[in-house]
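Build the full structure now, drawing on both the sequences and the hints.
Residues per chain are reported as follows:
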Amino acid sequence: MKKTERIAGNVAGYVDDRTGAAKWLRKNLTKVFPDHWSFMLGEIVLYSFIILLLSGTFLTFWFDPSQRDVIYQGSYEPLKNIEMSASYASTLHISFDVRGGLLMRQIHHWAALIFMAGMIAHLMRIFFTGAFRKPREANWLIGVGLVTLGIVEGFLGYSLPDDLLSGTGIRIAEAIIQALPVVGSYLAFFAFGGAFPGHVFIPRIYTVHVLLLPGIFLALITVHLMLVWYQKHTQYPGPGRTEKNVVGYPLMPIYMAKAGGFFFIVFGVTAFLGAVASINPIWLYGPYNPGQISAGSQPDFYMGWLDGLVRMAPPIETHAFGHTISWNILIPGLIVPGILFTLMALYPFIESWMTGDKSEHHLLDRPRNNPNRTAIGAMSLSFILVVLINGGNDIIATHFALTINQIMWFTRIGVLVIPPLVFVITKRICLSLQRADREKVLHGRETGRLVMLPHGEFIEVHEELTPAQKFTLTQHEQREALDVPATDSNGVLNPQGLKGKIRARFSQAHVEQVAAPTQTEAKALESGHH
Amino acid sequence: MSNEIAKFQDPGLPEHVHRKSDVDPKAADRAERQVAVLFVLSALSTVLAIYSYIFIPDDRFFFLPIMGDTNAHQLGLGLGMAFALLFIGLGLVHWAKTLMPDTEVIAERHEFRSPDEDRAEFVSTVKTQAGAAGLGRRSLIKRTLGLALGISALTPLVLLRDLGPLPKKELEKTSWKKGTRLVTDPGNRPIRPEDLEVGAVAQVLPELVEGQERTLADIGKDAVLLIRLRPSEFQLDAERLSWTHDGIIAFSKICSHMGCAVALYEQQTKHLLCPCHQSTFDVTRAAKVIFGPSARPLPQLAITVDNDGYLVAQQPFTESVGPSYWERSS
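Residue numbers (numbering that gives the first Met the number 0), protein chains in the order written: chain A, 0 to 529; chain B, 0 to 329.
I should point out that these hints are in silico values taken from the structure, not numbers from a laboratory. Check the hints yourself; a few may be wrong.
Pairs of lysine-lysine, DSS-like flavour, derived with a Cα cap of 27 Å [stated by the list, open to error]:
{"no.": "1", "chain 1": "B", "residue 1": "Lys6", "chain 2": "A", "residue 2": "Lys522"}
{"no.": "2", "chain 1": "B", "residue 1": "Lys6", "chain 2": "A", "residue 2": "Lys439"}
{"no.": "3", "chain 1": "B", "residue 1": "Lys6", "chain 2": "A", "residue 2": "Lys426"}
{"no.": "4", "chain 1": "A", "residue 1": "Lys133", "chain 2": "B", "residue 2": "Lys96"}
{"no.": "5", "chain 1": "B", "residue 1": "Lys96", "chain 2": "A", "residue 2": "Lys357"}
{"no.": "6", "chain 1": "A", "residue 1": "Lys2", "chain 2": "A", "residue 2": "Lys26"}
{"no.": "7", "chain 1": "B", "residue 1": "Lys6", "chain 2": "A", "residue 2": "Lys243"}
{"no.": "8", "chain 1": "B", "residue 1": "Lys96", "chain 2": "A", "residue 2": "Lys26"}
Now the stretches of chain A that chain B is said to cover, found in silico as 3 or more residues with beta-carbon under 8 Å [claimed, not checked]:
{"no.": "9", "stretch": "46-58"}
{"no.": "10", "stretch": "118-132"}
Ideal placement from N, C-alpha and C gives every residue a C-beta, glycine not left out.
Here it is in structure tokens:
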């Protein structure tokens, strides 16, 4: 022990003499992090990003990002002597002739799916608990940026093998570029070095996929984590937890072991999936040929909602003055996703404008205590889910013996009808849950234990909550609606105009809630009983 | 009695409950052994992975329930790696949960907002420094700098110009010309009408001129689908009917929506369906769109037979094939 201590001391001394890091490290090694399972969602994303970097680097050693024609001579018999691009041939080589190559390909693809699913789950956690509120708006924006880039990065990644399925995806991407008014065909010709598919697109997106975007990811993730570190983690409400403190465990040793261990668990689970669950078997699809296609062509799940939107678009094109505008591509491919992501990015600012809430928040909301926000989130999810269903309409049709027309019309109508319904229902559910909380605090928890009183009456025994439980259920702040002054100091009617009215209306909707019970009420109730 | 409404009070952090391993040295030893076992299992899994890599040939398959025929090399390597990682993780977490201190700690948050005097000083510093540089007064400098910066962004854009050629009329043209023979794909054999039975479908391409090579970009515009119906089944105007030959009708196979290959032909309904976005075209009515997002019918290729009895194009396509674009005139 003595010797190791001395060596460690020397190393630390060496570093501190040159950087003065000891002070910073002393403070930060015992930095406190709150504990909750939902805080691990972001960790999953971070770890799968590392897995993607490792497995992706492995794949680059054999992958040949080129669209030059080669005749396949590898060990996969069914494709022998067939003409294909070097990128498809090298992907076959990795899959069949590099030991562990298929495993790594599958780990890489599974990690990409986990990366995207983890980001979406993490984003939902942040949204529904209100963790995006001041002072964390910047981190929300970075997160939205990461999700957006993740979709692009994933699409480029599965496009690289140049198989029949992914080539079809590129074909659709090209059609979206080509549909842009005025500049579309120029941009398409520049991107593809001429007419689709050309010979330069795969090498170009390869650079973007393995260098440009991962670099941007690395930078954004670094800032994202530094902000989490600096602003300290949010925490769920509970006894002893306030806006002014963080309750949890120190980084060293608990979180080093837990978070480090969790990295290995995520890697292990991803490797397990790569070992037993086949994904993207490109050898079954064949090389890309624009004159061929396979039935049931499906993108990865994070692109599915976009595909679903494109599928349900009404067949509208404008032909005027010798020009064409393809609304059937622009609306579902660019305009709707653009609006959705802009609204998502701006949501923290929209909410703060609606509620007039400009204060700092470090305690998380229970989703039920902010019914309007929870309903907005559920509404958005239902929208995505409906269009995602339409993205798989051909698969659903064959599996459930429906016609594509039925599913298409269901989702075309559903995409307009279901989200508002979900909004209303979610809001009512939240308010009911608030009522249930109120009931529990004031009258205790139903135990399910029935007791017969001496005079024959049956009652159910209610058990009083502990002070800690009562506090947790009632600690949240209940805001009041913003007032719109009817006249200003000079007697001018409604000085804020329509904007003020709209804001007041939003604010009213946002504060709709069941009054949280108070100690005073509980006391009054008690004295009434006796 | 005051009318003040009292909220429920914060009872503070609950008292710390000791784990078994905190109070019972035997339980702690047991936990230590459990962690050690997990780490040993990880090491064994690594041995399995390396053994599989070296000693199991990669062409050996065996049957596993649910998974079917499974490659032993891949499975041994993968599972070895997976469990090697998984057991390290489980061991670390188990160690943290049973043996590391689990007392909750409270840390205070610091306020982000700087004191008012710092903020005021910041503003005045910026003002004086900017003032010293003359940013406020010397508007000529500001404007010309803005111009220079703005216009310098054009260079990288201009530099990207050579990414590709201008589209010119490329999107309008295909290889089909008057008299071009239709040849099978694959095979490149010319076709006679009698090669196609009623109800049959064939993918065809334009015959190659001597010395010409077919690129994927050519196929992306030239691919054509031949379908043979009974002539009485067509509901076409006179012009379009004259573009068919003896019940054989030819359409561009490249979807008028987003350019996928329209490859699904339903023989019973005589509908063509694009597997990408389910645009559905009625073959009997010149590929009119009857369902889905496509806004235009598939372009029809006028065909006839040449003197040798082979199917040929009467004329090039009369409109651009494939997805729409700004310069498309119809």
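Hint check results:
1. Taking the CA atoms of Lys6 (chain B) and Lys522 (chain A), the gap is near 11 Å; set against the 27 Å cutoff, the hint holds.
2. Annotation: proposed proximity of Lys6 (chain B) to Lys439 (chain A) holds, straight-line Cα distance about 15 Å (limit 27 Å).
3. Between the alpha carbons of Lys6 (chain B) and Lys426 (chain A) the distance comes to roughly 25 Å, so the proposed pair stays at or under 27 Å and holds.
4. With a CA separation close to 33 Å, the supplied pair Lys133 (chain A) and Lys96 (chain B) exceeds the 27 Å bound.
5. About 39 Å separates the Cα atoms of Lys96 (chain B) and Lys357 (chain A), which puts this hinted pair outside 27 Å; it is violated.
6. Restraint check for Lys2 (chain A) and Lys26 (chain A): satisfied, since their Cα atoms lie roughly 26 Å apart, inside the 27 Å limit.
7. With a C-alpha separation of about 19 Å, the suggested pair Lys6 (chain B) and Lys243 (chain A) falls inside the 27 Å cut-off, and the hint holds.
8. Taking the CA atoms of Lys96 (chain B) and Lys26 (chain A), the gap is near 23 Å; set against the 27 Å cutoff, the hint holds.
9. Against chain B, the stretch 46-58 of chain A contributes 0 residues with a C-beta closer than 8 Å to a partner C-beta. That does not satisfy the three-residue criterion, and the hint is violated.
10. Note: the stretch 118-132 of chain A has 0 residues with beta-carbon separation from chain B under 8 Å; the three-residue rule is not met and the coverage is violated.
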